[in-house]
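Novice: Below, each chain spelled out in residue letters.
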Amino acid sequence: MSTDRIEKRVVLRAPRSRVWRAIADAKEFGTWFGMKLEGAFAAGRTVRGRLTIPNYDHLTLELQIERIEAEHFFSYRWHPYAIDPKVDYSSEPTTLVEFRLEEIDGGKGTAVTIVESGFDRIPLARRAEAFRMNDAGWAGQAKKLAQYVA
Amino acid sequence: MSPSRAAASKRPDAAPVFAALGDTLRLGLLGRLSADGPLSIRRLSEGTGVTRQAITRHLEALGRVGLVRDARRGRERVFSLDAKRLEIARQYLDRVAAQWDAAAARLKAFVEVDSR
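So the sequences go chain by chain: F and A.
Residues in the first sequence are numbered consecutively from 23, following the working numbering.
Residues in the second sequence are numbered consecutively from 100, following the working numbering.
It is worth saying that the hints were derived from the structure and are not from the lab.
Note that this is a predicted model, so its numbers are computed, not measured.
Heads up, some of the hints might be wrong.
Claimed, not checked - Cross-link-like lysine-lysine pairs, in silico, DSSO-like; alpha carbons within 27 Å at most:
no., chain 1, residue 1, chain 2, residue 2
1, A, K207, F, K58
2, F, K58, F, K30
3, F, K30, F, K49
4, A, K207, F, K49
5, F, K30, A, K207
6, F, K30, F, K130
7, F, K108, F, K30
8, F, K130, A, K207
As the list claims (entries may be wrong) - Facing chain A, according to a computed beta carbon distance under 10 Å, are these residues of chain F, among others:
no., residue
9, R43
10, P102
11, T132
Note that beta-carbon positions come from the ideal geometry of N, C-alpha and C, so glycine has one too.
With the sequences and hints as input, model every part of the structure.
Specialist: Structure, rendered in structure tokens:
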């Protein structure tokens with residue numbers, strides 16, 4: 023089993039243009055992801071965002087936008103699980119997050135493939151740190167968002 | 100079968116492993132061993148501001164859950180990472196994957212509400 027990458031595929035009952043906006047528009051991305059981003063996504067740009075997840079809303083993340091291909095592909099780099107505000111993660115390796123969009127059902131639906139890779143370059147002790155994190159915050163936020171969009 | 104193969108082929112209860120990691124100093128020790136190991140207790144206590152006795156106790160706690168092992172080198176005890184390191188990498192990835200599952204579910208709810 024690879025310890026370097028994860029891959030998820032999700033089928034959405036929405037046209038690709040709608041899904042693309044939810045991913046490539048920083049404001050919409052932040053709404054479902056759970057962060058408030060400062061500024062728009064553009065290739066080569068670094069966009070900072072503050073998490074809106076309870077208990078983690080003191081944390082800021084940086085998305086280094088890599089590639090944007092309208093309605094097809096969006097990718098960025100970031101520091102995964104950068105959960106300690108006292109640590110400067112900037113000199114550490116990043117992981118690459120990629121979103122691939124595919125039209126299905128004659129345009130009525132969209133398949134999104136999410137890949138995050140590069141974990142083997144993240145120091146082992148950093149990965150171990152993730153287990154100090156209390157996950158209740160994430161679960162709580164997911165519930166809140168489900169209520170918001172319902 | 101080598102010990103590391105045996106550890107990789109079954110997935111024992113990981114909870115004690117992660118309980119043993121719930122401490123900044125232990126994570127620091129693991130980080131040092133991961134980058135520069137094997138290391139003696141003397142080297143591991145340098146710059147920590149903690150006594151060698153305390154460092155030894157932390158290392159032994161990590162040893163009890165199979166994260167580190169020790170060996171004699173002359174008069175010194177040296178520590179290195181053990182096979183359970185793979186368990187950390189796997190469990191970490193499981194966590195990341197679970198978060199993406201949750202995020203994908205939120206994305207789905209977010210775009211499908213407009214498209215009903």
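Novice: Indicate, hint by hint, whether the structure satisfies it.
Specialist: Hints, one by one, checked against the model:
Taking the CA atoms of K207/A and K58/F, the gap is near 19 Å; set against the 27 Å cutoff, the hint holds. For the suggested pair K58/F and K30/F, the alpha carbons sit about 24 Å apart, so the restraint of at most 27 Å is met. Distance restraint check for K30/F and K49/F: the Cα-Cα separation of roughly 23 Å lies within the 27 Å cut-off, and the hinted pair is therefore satisfied. Straight-line distance between C-alpha atoms of K207/A and K49/F comes to about 16 Å, which keeps the hinted pair within the 27 Å bound.
With a C-alpha separation of about 13 Å, the suggested pair K30/F and K207/A falls inside the 27 Å cut-off, and the hint holds. Distance hint between K30/F and K130/F is fulfilled; the C-alpha atoms sit about 20 Å from each other, no more than 27 Å. Pair hint K108/F plus K30/F does not hold up; C-alpha atoms about 31 Å apart against a cutoff of 27 Å. Taken as a hint, the K130/F and K207/A pair is honoured in the structure, with Cα atoms around 14 Å apart against an allowance of 27 Å.
A least Cβ separation of about 8 Å between R43/F and chain A falls short of the 10 Å threshold, and the interface hint therefore holds. Interface hint status for P102/F: upheld, as the beta-carbon distance to the closest one in chain A is roughly 6 Å, under 10 Å. A hinted interface residue such as T132/F counts as satisfied when its beta carbon comes closer than 10 Å to some beta carbon of chain A; here the least separation is about 8 Å, so the hint holds.
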